[in-house]
Amino acid sequence: MPEITYREALNQALAEEMERDDSVFLLGEEVAEYDGAYKVSKGLLDQFGPQRVVDTPISELGFAGLGVGAAMTGLRPIVEFMTFNFSILALDQVINSAAKMYYMSGGQISLPMVFRGPTGAALQLSAQHSQACETWYVHAPGIKLVTPGTPADAKGLLKASIRDDDPVAFMEGELLYNLKGEVPDPEDGDFVIPLGKAEVKREGADVSIITHGKMVNLAMQVAGKLEKEDVDVEVLDLRTLRPLDVEAILATVRKTNRAVYLEEGWPYVGIGSQIVTTIQEEAFDYLDAPVLRVTQADVPMPYAKNLEKLAKPDADRVVAACNRVLYRD
Amino acid sequence: MPETETKKKAKDEEKANGDANGQGKEGSGEGLERFDREQLHHFMREMLLYRRFEEKAEEAYAIGKIGGFCHLHIGQEAVALGFIGPLRDEDYVITAYRDHTQALAKGLEPGPVMAELFGRDGGVSRGKGGSMHIFGVEQRFMGGHGIVGAQVPLAAGMGWSIKYREEDHVCVCFLGDAAVNQGAFHEAMNMSAVWELPVIYVVENNEYGMGTAIERVSAVPIVERGEGYGVPTHTVNGQDIIETWSFVEDLVQEVRDGAGPQYVEARTYRFKGHSMSDPVSGTYRSKDEVEEKKEKEDPITVLRERLFEAELMSQDELEALDEEVRKVADEAVEFAEDSPFPSDEELYTHVYAELNEHGRLFLDGRDR
Ligand SMILES: Cc1ncc(C[n+]2csc(CCOP(=O)(O)OP(=O)(O)O)c2C)c(N)n1
Ligand SMILES: [Mg+2]
Numbered sequence: 172m173p174e175i176t177y178r179e180a181l182n183q184a185l186a187e188e189m190e191r192d193d194s195v196f197l198l199g200e201e202v203a204e205y206d207g208a209y210k211v212s213k214g215l216l217d218q219f220g221p222q223r224v225v226d227t228p229i230s231e232l233g234f235a236g237l238g239v240g241a242a243m244t245g246l247r248p249i250v251e252f253m254t255f256n257f258s259i260l261a262l263d264q265v266i267n268s269a270a271k272m273y274y275m276s277g278g279q280i281s282l283p284m285v286f287r288g289p290t291g292a293a294l295q296l297s298a299q300h301s302q303a304c305e306t307w308y309v310h311a312p313g314i315k316l317v318t319p320g321t322p323a324d325a326k327g328l329l330k331a332s333i334r335d336d337d338p339v340a341f342m343e344g345e346l347l348y349n350l351k352g353e354v355p356d357p358e359d360g361d362f363v364i365p366l367g368k369a370e371v372k373r374e375g376a377d378v379s380i381i382t383h384g385k386m387v388n389l390a391m392q393v394a395g396k397l398e399k400e401d402v403d404v405e406v407l408d409l410r411t412l413r414p415l416d417v418e419a420i421l422a423t424v425r426k427t428n429r430a431v432y433l434e435e436g437w438p439y440v441g442i443g444s445q446i447v448t449t450i451q452e453e454a455f456d457y458l459d460a461p462v463l464r465v466t467q468a469d470v471p472m473p474y475a476k477n478l479e480k481l482a483k484p485d486a487d488r489v490v491a492a493c494n495r496v497l498y499r500d
Numbered sequence: 009m010p011e012t013e014t015k016k017k018a019k020d021e022e023k024a025n026g027d028a029n030g031q032g033k034e035g036s037g038e039g040l041e042r043f044d045r046e047q048l049h050h051f052m053r054e055m056l057l058y059r060r061f062e063e064k065a066e067e068a069y070a071i072g073k074i075g076g077f078c079h080l081h082i083g084q085e086a087v088a089l090g091f092i093g094p095l096r097d098e099d100y101v102i103t104a105y106r107d108h109t110q111a112l113a114k115g116l117e118p119g120p121v122m123a124e125l126f127g128r129d130g131g132v133s134r135g136k137g138g139s140m141h142i143f144g145v146e147q148r149f150m151g152g153h154g155i156v157g158a159q160v161p162l163a164a165g166m167g168w169s170i171k172y173r174e175e176d177h178v179c180v181c182f183l184g185d186a187a188v189n190q191g192a193f194h195e196a197m198n199m200s201a202v203w204e205l206p207v208i209y210v211v212e213n214n215e216y217g218m219g220t221a222i223e224r225v226s227a228v229p230i231v232e233r234g235e236g237y238g239v240p241t242h243t244v245n246g247q248d249i250i251e252t253w254s255f256v257e258d259l260v261q262e263v264r265d266g267a268g269p270q271y272v273e274a275r276t277y278r279f280k281g282h283s284m285s286d287p288v289s290g291t292y293r294s295k296d297e298v299e300e301k302k303e304k305e306d307p308i309t310v311l312r313e314r315l316f317e318a319e320l321m322s323q324d325e326l327e328a329l330d331e332e333v334r335k336v337a338d339e340a341v342e343f344a345e346d347s348p349f350p351s352d353e354e355l356y357t358h359v360y361a362e363l364n365e366h367g368r369l370f371l372d373g374r375d376r
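Taken in sequence, the protein lines are chains C and Y.
In terms of this note's numbering, the first sequence is residues 172 to 500.
In terms of this note's numbering, the second sequence is residues 9 to 376.
Under 8 Å between C-beta atoms, here's a sample of chain Y residues computed to sit facing chain C:
no., residue
1, 75
2, 137
3, 224
4, 355
5, 372
6, 374
For the record, the hints were derived by calculation from the structure and aren't laboratory data.
In this text, a Cβ means the ideal position worked out from N, Cα and C, and glycines have one as well.
Only chain Y is shown next, with the shape it has when bound in the complex (with noise of 0.2 Å):
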């Protein structure tokens, strides 16, 4: 897709619809005929999973068998879906501290991601990294990464290993709007329009960086920030798993056949605090606010909406997607509570993986 077809695309449906996050589609039956019905119930299935799943971090966070930061997706599923949802298995992603919904997109189990916030042996990560740092290897989920930024560079460097191994693998890197104000982001897109690195960075525009509007911290909108690489910029409703699917599986494609990096703002919203440890509103937004978004954009709603009106999914079917994924996420917690905390030996396991026959690489003098 040419840069400035999609960038006008963009700008003109914002001023057609006057909304940030394109309601004008409301109830159209528009992009549907895409996909078959099997796969819209697969992407209900989906979001209401990572749904529940995070009601579940919620609840489990509350009664304190979760500790330190937890930063929840609910609102924003359909990004994680979207995004992941296209991409082949061999194919990397990678991401912020807002990482379970697309772990799970990703192809990790939910048993073994529950352990991993109830800091479990059991868990992904072993109960050593937590929330905010779920990784799958295997599955090539890359990370959740705590330092505001520091993913995107990473991401440069996992489209470098494709190329240099000529593959046809993509890597899709999220960050967060806020995370466009930091300079790594800036040498990064540089160095991947450079040397045409099949990278596809994604901006979740929540509109907000923890309790900073957008606006505040940057002088232009931030599909604008990623200009000046010579990298193609796009924008998509990130509320619509319609919209944003059909948009990414045709963008991959593109990447895989040799377009180099790409930059796409998706728009969105967070209907929860910016951690659990944060108010969901405040001086920042209004209450108000928040429940507009979630009364008109949530993403499970939307798509809800899109079927029934289609006559492509039934109340009764809804209901039982939703009494299933709920098991699902059920006996996630079960699976993590069954899990045992890691044991004292672990806290030296994984500093370093060789462990070397001469001097020592442990300096505290503790037993070990």
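Isolated chain C (complex conformation) (with noise of 0.2 Å):
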């Protein structure tokens, strides 16, 4: 299989869908031009022209509701937000519009629609460009959410999100672009991944590291760190946090009986605030310890490098958490 970048992942995901359906169109800041401010629409003004990729004034409320009213007239839009950090602006389109339009209409107008770019911290981009946006969108029903951590995930996710009748949100890592990774030859046929689907990214017998986006990376290295120190961690990725993969994840926690979550979020109300939920609703016997929760801490991210480091989900703490719950500590 060849090796490809996250970004080169996502670049072919948006040409193969757009070559595929002449209604897919790309819009948001930076998009056709500058190719992206983080290069991930390379090439495809050339390719498909200023009417499907199109560079937006810096009016994200103002384009994200373009792009409902498109969909709700059967396009099939694409919205970039340079970052999710800027999407907070357009909430209101995504929660009140685009999340509600099927239910409101009875049934009526679907919105086949993305809203994709890059949610959480990067380096020392400081409290206002530092969110994980995550639990703002997964919280409203309506609106289904994505966050792949690999760049086979990115590719094989994006087609489906693309395909999919819902408004889909894709949460990409700003930190990952770069991450090269094996993703199938475009020769050898169509590659989609159905949305729900979590996937064991590593079997383990011990401690199930249950986690989403850009932190199966580092889940994927504490078990590694942990191996030397046999104990044997499964790394279950959900990639999907709506639709959920209950399934999976109660199937780690049969097997290993102990559970972490990993986000680069906040605690309060978090993703993993949800998903301890289920596995005490649901597979409370099967636990050998309270689940616990990896987050970034609970403030505003600090500019100051160290204090940064600080805020900041790390190895360290996975692995504090990890020992905790197998009483090791």
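Combine both chains into one complex, guided by the hints.
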């Protein structure tokens, strides 16, 4: 299998889906002439022209709404947010229009559209530019949420998201764009990963790290570390946060009887809160220890390098949480 | 100044000069008589200081002393000085993320501003904000803000406070040309007009929002984007400190006297990349364009030419000023270097102003 970057994987998915379906178009800030702020849409303007690859004004609320309107009338827009931090400005259209349209109209108007861009912290971008936005999006019924952590997942899941008939928020990782990984060759056929299917990224017997998005890579790193201490970690990557693969969560808990949820965002009503609830409601009898969470510190992201490092979840914290649920500390 | 008059003046000038930045004025002594020699030297010193300060920041960024996003104002110094210099200490200033020079202009010390860029405890925002979030409430510098357009309604709120307390202060709010495309800007303009708030909205038209030329995202010229609200609109050449300062000094007085909100387009140009991680030129603007602007419209050069021609400054005096501010910039870096990183406990300070007696504020289960 060819090795490509996460960025290239997304680019391939966009190009292939735009090629396949001419109702698909991309709009957002700097997506056309500048090739995207993170170069994800590189070359698409040349390939598909300015009608389908559209530079917008800095008007997040407006162009998110424009996307909704276009989807209401049969197009399949992909709205790129330069980062999801700026989508907070567009949340009214996401939550009050996109997520509810199908329901409010009694099933008359579905919204086949994608909101995509990077979520979470990069490096020293400070409080307003370093936020994991998953919770805001997953809270509202009517919208789906996808968070790929590897190049292959990025490609397969973006293609599925574009084909989905509901609004899908597709959250990438700013620090993942250069990550390399194996992705099936386009020559070998259409590579689509269905929404709602978690993946065991590493089989293990002793403890489960359940996670999503960029944090999958940290979980794998921790698993390698703990292997040296004879602890066998299973890593479950949820991949899609709504629909949520509850069966996969229960299966890993039944197998290892111990779990840690790892996420980039804040703890209060974070993604982990829901996962822990699901586990205790449906697999309580299988647990040998309380489920723990590793999250960002419960503070806005500081700028100073040393404080930022402290605020973010890191390998040491995940190792410590694993040790605690294993009663090794 | 009645709306139509100023607008007309700007348009006529544009026609006459055939150039957005009013090059027709080059070398003319017009307007200088308003200022004494000391003031004129002060203008030069300030703009040189901003330039040298940011050049130091650029160097520090290149060697990793400054991280994250760092947006330089180089090329736009006359806008910072011209709109802030004529203010009183009690007047408010608020801006976006391109905020270093405005902070200096409003009286923040170079050392603590540089320390903020370095993420140190001695930084104006205690290392928590960084380059985009310079705050100095004592100097009434109400911050650098990271979300495009978000500072505009905040400025209206400051205008509201001024009016509420029946003061004669003003608030100057800077925003980029691309920020007029945010709904927040238009909502704030309308509220400002309805409630006659003492706010001067300054659009720094540097012709681009990141890599997008403004004509590609605005169907009409920037000055017209402020129309339709009953707010007087104006245009100034933001590369000429004499013109800008004179204009602003008069305008501020009118606002103090009750003229209500104002919208000013300051024509300017950014000499560096959008941020330190973006290229200076590329597909969106040519190297030649940037070079030509730097040659003809550098605010420091424009002032130098005018002062030399009028024999109000000598080469030696200029060099002495430059030497002095280079030292200030060096000392700012030293101050930043010497300042410690914030201590670990600072992670949880300043999240809440009141740590209540009951209940838990932080839910991460970590030790503090
Ligand atoms: C709401 C929002 N959208 C996008 C961005 C990313 N961004 C930061 S600055 C910028 C361009 C702004 O240009 P302009 O307003 O002209 O100001 P300038 O940078 O030229 O000073 C963009 C797109 C942001 N910070 N906030
Ligand atoms: Mg601009």
